[in-house]
Amino acid sequence: MVLNLGEYPHAKKADRAPTVAKMETVEIDKIHVNDRSFCVSYPLEDDLLLASIAKFGVLVPLSLLRKEHPVIVTGFKRLDAARRLGIDELPYVFLDITERQALLTAIHDNMTRPLNTVEKALCVDKMLAAGFKVEEVYEVMTMLGLPPRENILKAAISAAWAEEQTKSFIVKHQLPLTLVEQLFWFEPEERYGIIRLAEAVHGTVSSFREMLQLMMLLKVKRGAIDFQQLDGAKDADAIRQRLKRQTHPLLSDLEEKLKMLLSACALPPHIKVRVDPAFEKESIDISLRAGNSQEIEEALKKLECLTGQGLFRSIFELTHGTPHRL
Amino acid sequence: MSLPTVRRIDSKSSVVRDCPGTRKHICCGYKTIDLIEGCPLSCSYCILRGYLNNPGIAVRTDLGAVISEIDRLIACKKTHVLRFGTGELSDSLALDDELHVNGPVAQFFGERKKALLELKSKWASIDCLKPYLNPYVVISFSVAPQRMIDMEEKSTSPISGRLKALKKAQDWGCFVGLHFDPVIIYEGFEKDYADLIDEIAGTLDLKRVIWVSVGCLRFTPPLMNLFLREKRANLLHGEFIMGEDGKFRYIKVERVKVYRMLYRRLLEKEPGLFVYLCMERADVWHQATGREIKTSEDLTACFDRRIGEFYGGSFA
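If you read the sequences in order, they're chains A and B.
What the first sequence shows, in our numbering, is residues 35 to 360, in sequence order.
What the second sequence shows, in our numbering, is residues 26 to 341, in sequence order.
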């Protein structure tokens, strides 16, 4: 899309920084614009940059590797914005360096801003493609805040080569490479199913992590994931519950039984009974809130009555793992 | 089995530790001697896959210093019989044909006569130890159905080999131990374990088995990630929860069922067997065995009684 400058009322030539006029410029046609060997930016579209260039023009020159058809080393986002704005000449500087140096220049130039996961993955993948040694790649991974490990390196390659839908999902949800690794553990069809589900419920990174882990477990246990059973879940928690019922049927049963017991005894809001979520601890926690002695007496009477009715015995049967009760 | 790179270390630092145990669970109070770190057997579920990040094998060569340290500990401990083992950070026997580190330590226990050394293994080769064996050395093997060994313990000796080695140890006059650890729940595991117990009872003199441990599979979160990545369907067949110690273990109701089944079957074979649960909770002990073991001290006392039954007053 070419943005109409009219959308930016302040984008007058007079507003543009005077230094731009002094720079050497090159016609876009003369640059090898489709060569993205050094591009570590994703996505290229950047609305803020677009608005800035529309108003002030390209202030920072592109760096080009000097060749018969110069190749962009840094400035892919500026080029993209300029093209969308219909600008056909851009300021530039030539770099007389090797291709390996050019890639490192591109990576380090971009490190001055926070890189998203796909951009970090592109740095790793392009270094490997350019023949850097794994140790050299690990060094850059550390600078990028990535653990220098083989599994993370592999996840980076997967993310760099992912189809557009997956890349965009990774960036939109700010998934770390550890989660990308888990996402790529699934077959492509399953991956699309997972992305579709996650997009539908707008969960957090932590809810997505939990969902992925349960799905992996389900896949290992049953060999497949029944996405139909998960469709229509209203939020991430509902998906988690449906998955957990399949991966943890006994625990789900215990939770349901506990819920039924607690709801049947109609505890007043100032008495709380807490049971270990994994039903491991032998003991349960009972707390009560009181504003005076009479409230304490009433609460104790209620607890005594519930004890007489066998409520706590039933709860202890759940926490002690008594098999015949389940 | 191919021998990985072996580093010999002579650091003089302490090698004897209390078994790390696990928070909120009852431990038998065993002491570990870290003569070797790293294991060539590479069992899929091994906790060492999550603990040790050095792929090689490190072996202590300063056995004199190691023995002095053990000796000091034995001299200090008057309240109960100390049990030591070398199988915490490695398999006790898998490398002994090459490294010969167990012999002098075993010989020391035979001379000291105040504590027991347990050599715990999945590698059925004990001939090189024969000259050093004595009543104060317990030869123990981890046992599992052959189907599990084929799937998850690929580099280890088959169950028949392990039982033959135990039989040989009994014939040489040693007491032996059995470790059903880890017990893994998979499709049809009950029958496989029942057959295994039959095979054990048909091979060994159960009256001369000093102890039998039973422990269900448990592992750290990094291992869970590894099992998922490796699609370990057998290991992940059961239902896991996160225990209070931060490790994954089967949900309590499943553990109780497994322990009850194994406990009952083992005692049917030999009512006098001493069967203990490894790293379990007091209520699981009660549900599974009917016994009131509430603390690690309670369990240690059971060991002392058992040792008393086997050795009489010789430790007094």
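One thing to keep in mind: the hints can contain errors.
Stated by the list, open to error - Here are the simulated lysine-lysine pairs, DSBU-like style, with alpha carbons at most 30 Å apart: (1) LYS192/B to LYS255/A; (2) LYS282/B to LYS255/A; (3) LYS188/A to LYS256/B; (4) LYS232/B to LYS253/A; (5) LYS102/B to LYS282/B; (6) LYS253/A to LYS102/B; (7) LYS167/A to LYS188/A; (8) LYS278/A to LYS291/A; (9) LYS256/B to LYS103/B.
These are calculated hints, taken from the structure and not from any lab test.
Hint check against the structure, violated hint numbers in rising order: Hints 1, 4, 5, 6 and 9 contradicted; others consistent.
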